[in-house]
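K.L.:
These are the residues of each chain, in order.
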Amino acid sequence: MTAVDPTTTGRVLEGAAMPVRPAPARRRRGRSGANDLTVRGKVVRYLVLSLAAVVTIFPFYAMVVLSLKPAAAIDFPASLLPTNLTTEAYDRVLGAGNIGTWLVNTLVYSLVSVVAVLLLASMAGYAFAKKRFPGREAMFWSFLAMVMVPYHVTLIPTFILIAQAGGLDTYWGLILPTLANAQAVFLMRQFILDLPDELFEAAKLDGASEWRIFVRIVLPLCKPILATLGTFVFLWHWNDFLWPLIIGQGTDHWTLTVGIASLQQQDVPLNMVLAGATISFVPIFASYLVAQRYFVEGVTSSGIKG
Amino acid sequence: MTLRTTKRLWTAALAVGTLGALSACAGGAGAGDSTPTPEDGAASGSVTMWTYPVIADEAAHKAFWDEQIAAFQEENPDVDVNVEIYPWAGRDETLATAIAGNKGPDVVYLIPDQIPKYSKSLAAVDNYVTDQVGDLRENAAQAVTVDGAMLGSPLVMNTKPLVCNAAVFDAIGESGNYPETWDDLMALAPKLKDAGYDATNYWGSVDATLNESFYPLLWQAGGSVFSEDGSSVAFDSPEGVEALQFAVDLAEGGFIEKDLLTTIPAFEQTNTAKGKIACTWQQGPGDVAGFWGEENVVVLPPLTEAESVAFGTVGSLSLLKTSKSLDAAGKWAAFATSPEVTAEYAKSAGWFSPYESESGLYGDDPVQSALEDSLQYTTAGEVNEKSREVMGVLAPEIQAALIGEKTPEQALKDAAAAADPLLG
Amino acid sequence: MTATAPTSDGLTADRPPSARPPVPGKTRRIMERREARIGLLFALPAFALFLLFRFGPAIAGVALSFFDYTIGVGAEWTGVENFRRMVDDPVFWSALRVTVVMSVLIVPVSLAISTFMALMVRRSFRGSGFYRSVFFLPVVTSLVLAATVFTWVFSSNGPWSKLMGTLGFSTDSWLGSTVLVLPALAMVAIWSRFGYGMLILLARMQDLPRELEEAASIDGAGAWKRFWHIIAPQLKPTLFFLAVIETTASFQIFDLVYVMTAGGPARASYNLVFYIYDQGFKYFDLGYASALGVALFAVTLVVAVIQRYLIGRDK
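The listed protein sequences correspond, in order, to chains A, B and C.
So the first sequence is numbered by the numbering used here: it starts at 1 and just counts up by one.
So the second sequence is numbered by the numbering used here: it starts at 1 and just counts up by one.
So the third sequence is numbered by the numbering used here: it starts at 1 and just counts up by one.
Treat the hints as calculated values from the structure; they're not laboratory data.
What you are looking at is a predicted structure, and each value in this text was computed from that prediction instead of being measured.
Beta carbons are placed, not taken as given, at the ideal position from N, Cα and C, and that holds for glycine.
Honestly, I wouldn't trust all of these hints.
As the list claims (entries may be wrong) - One-sided and incomplete, this derived list gives chain C residues near chain A with beta-carbon spacing under 10 Å:
1) L41
2) F47
3) S128
4) G129
5) L137
6) G195
7) R204
8) I230
9) P233
10) I245
11) T248
12) F254
13) V294
Based on the sequences and whatever the hints tell you, model everything.
P.N.:
This is the structure in structure tokens:
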């Protein structure tokens, strides 16, 4: 069968029926955007964006600066100046005995979940978007409806289910319930809905198997949304507190968030709280910067889905 | 074929769901002995204990328990004890869920606020602590007793009488003139305000326990939260109104930090941490020594209105009924809360032992001696199964009074009207 | 797909069989059956997990609302007693009102800001990548941390109160006012969520054909007209998704309230999820908590259905 190169959808379609949209527009995408605005428009834009950026960044600046301060009373705005910095809060957090174990558990929890959710959600999203089968709409809406049941109500039944199945203190017990992510399925479905049917029909006529179509056509076209979704799933799992706390009955089974909390007294010094938060935040942001590449690819690439 | 498949799927869904529902109900079925007695000879089995960061230094805390386990195993070599130090955060969710799923620990650290809530899941420890119980302070024993049975064995206790900042009194020229009654505090308040200080602090957020903020005032006025038999509330009495009026007067006069009435900011931001308050009954010396300077911390007996009462927590070890090694757990709990062990633990935590014989842990230290003196005026609260629910309806009403939306009388009346049905 | 008026709603997407070669009836049925089987197979793993860990516990939760459940003891059938209690419970109605008000304050503003920001940063200009990353930061933050910092921001000594002071208003903390506490919480919620919507809208906006906008611009249509008549209709399915997700999320805001106000002052920010948490894990009345959960679920579902009819139509 002809190799379907997902980055050049236009070419594949030339042989088939109607193209999605006229191809030539692509080249102008990257550069011409800036020409839309007048000078005044550009100034306004920069002002608005800068203001929004300050408002957005400020809490992080506060978090990092305050985590580097000694445990003393805080006087604003003086305390926000980067003077008198110390790493004592970080020493306390990082010096904890089990931090290595907690880190490993968190990595396993987050990374395995990302891969599993992306795979399952894209498969299901593809089915809901492109395949007709009886009960499809009911099934899809039931996914959504279940998200509307508040978390605290389902916590104990979920725990009992896993506990009775012997999943306490295990990775699978920790990970499995969190893979049922309706939002991910919803997102993939909405995205895949927009992929043109002709693509699939052309591939099928070429004799490609369903799985091959999924892997060679759907997934590559969904790279940006997969990158976006992957980042979200990663961060949700990295920051998760209550479930890892409940399913892991001991320090060896806890994740970073839980472990750091187990070091904190009831009246925990603010710098320690913020140090723990910064430590949690850094890898998430790093993973975002990595995934960003794919957003940007989608943003600056030519007129294809993705 | 696919339609049938879909139908099969939905039937499966329903089946799974019902199964889940049934197991949720079956999970907590109350087996287990409510009043176990010690078995002869050494115990055997494995005991899991959940505790929390009572001792600040994680390494020191772990070392302490390792030491105790080793000592216990000399007498009971067939018992495997595992102590897990859990986070303070989310402990009720964790414990309740574990019990519901029949996967709880054998021994757990609880405070008097929790004991009535878990009472149906706890086994009485009376038969295990017969040797020690005579030596217990009365208020400690009372804090863990529900319906005549001890549902926990006290491990540590603390108290929060009145803590004042000497530097503040020096600054307004009232050195050494520490308040003894409500009127004393009120008299000092305007002078303090003019000099830029608060008279005291009052944590009014609904999340802060009333045991530390309002109830001490209520008790000092001579009132109580519950009636004698616990079947109705008694805080809407004239004493209750008097107590709330005192707090409202402090708020209205601008003598306390306004933000604390409705939120819980980081401690470092509060006027308390900045050394801008005169006295407080809601912090212990350990909380403020680092901010005020140790030499400025003065511990005094609690304020007196009709009575002199302070609030104190009792941390205790409780046995879970469903434990598979109930005997071993009971023996471990008794050992871990024996007088000498509690003395060592208390000293590491900066707290006190619940036993009369283990006094004088801190020698001549003025702050600690003064605190220890106050233990006689201390109560750990009124034990009632619905304490939390009552606090849940009372705290918002108190807040309403403090921010001026209701009169104290009206607030307490409304709270009582909402609370009585809960107890009925 | 052209940007003309939508001809079907997003859920029963039915493509005109433009390119499909004519197929005899019987073969078509076989093909359709095969396609249906494939569809089910692809959806199955996710659906199985969902059955086990969402559907099951949800049914258990709903079932529990008909019982009086004490932890460590067991459950006792009480029929609709919990629901009767709920209807007579003034705290329930107050919590429901708080939930709805919060949602009304958050969702439209959040969606508007997400859309506006997406429009601002969608072109590639100098620094656009930086801004996109910056606006994503709050999403990546745990809400507990945000709440801690914003408690300070709104406190009497914090920057927001100081700003209010310079504008001539009182410098009392908004978190201490029964009227202003919800707008304050809404601001924090919007701050933490707008980046999510922005990113998703951005991904969608990249695929919009430029020619339409350029043509309109040449025709003299202003920015607003271009947005409203050309861009917005094509964003409908994405906006529908965001509306449902954001509304559901706003109904379940917990961490923010827990850290910043604990439901105060005087229950002004005590929303339904918090009430459920208190009933379930503070008072251990899980039967009643489940009944409250059923109520919240019902309200969320009704709102989602309404949103589907208002926004859900797409090509």
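K.L.:
Next step is simple, just say for each hint if it's right about the structure.
P.N.:
Here's how the hints hold up against the structure:
Nearest Cβ of chain A to the Cβ of L41/C: about 8 Å, under the 10 Å cut. The hint holds. Given hint, F47/C at the interface with chain A, holds; its Cβ is 6 Å from that chain's nearest Cβ, closer than 10 Å. This hint holds: S128/C has a C-beta 8 Å from the nearest C-beta of chain A, less than the 10 Å allowed. Contact between G129/C and chain A, as hinted, is supported at the beta carbon level, the nearest pair being about 6 Å apart and thus within 10 Å.
Among the interface hints, the one on L137/C holds; its C-beta lies about 6 Å from the nearest C-beta in chain A, closer than the 10 Å criterion. Restraint check, G195/C versus chain A: the minimum CB separation of about 8 Å is within 10 Å; hint holds. With a cut of 10 Å, the hint placing R204/C at the interface with chain A holds, because the nearest CB-to-CB distance is about 8 Å. Because the smallest distance between the Cβ of I230/C and any Cβ of chain A comes to about 13 Å, over 10 Å, the interface hint for this residue is violated.
Look at P233/C: its Cβ only gets to about 14 Å from chain A, farther than 10 Å, so that hint breaks. A distance limit of 10 Å between C-beta atoms decides the matter here; for I245/C the minimum to chain A is near 6 Å, and the interface restraint holds. The interface hint given for T248/C holds, since its Cβ lies 6 Å from the closest Cβ of chain A, which is under the 10 Å cut-off. Evaluation of the F254/C hint against chain A yields a held restraint, the C-beta minimum of about 8 Å falling below 10 Å.
Residue-level restraint check for V294/C holds (minimum Cβ-Cβ distance to chain A is 8 Å; threshold 10 Å).
Hint violations for this structure: numbers 8 and 9, all remaining hints satisfied.
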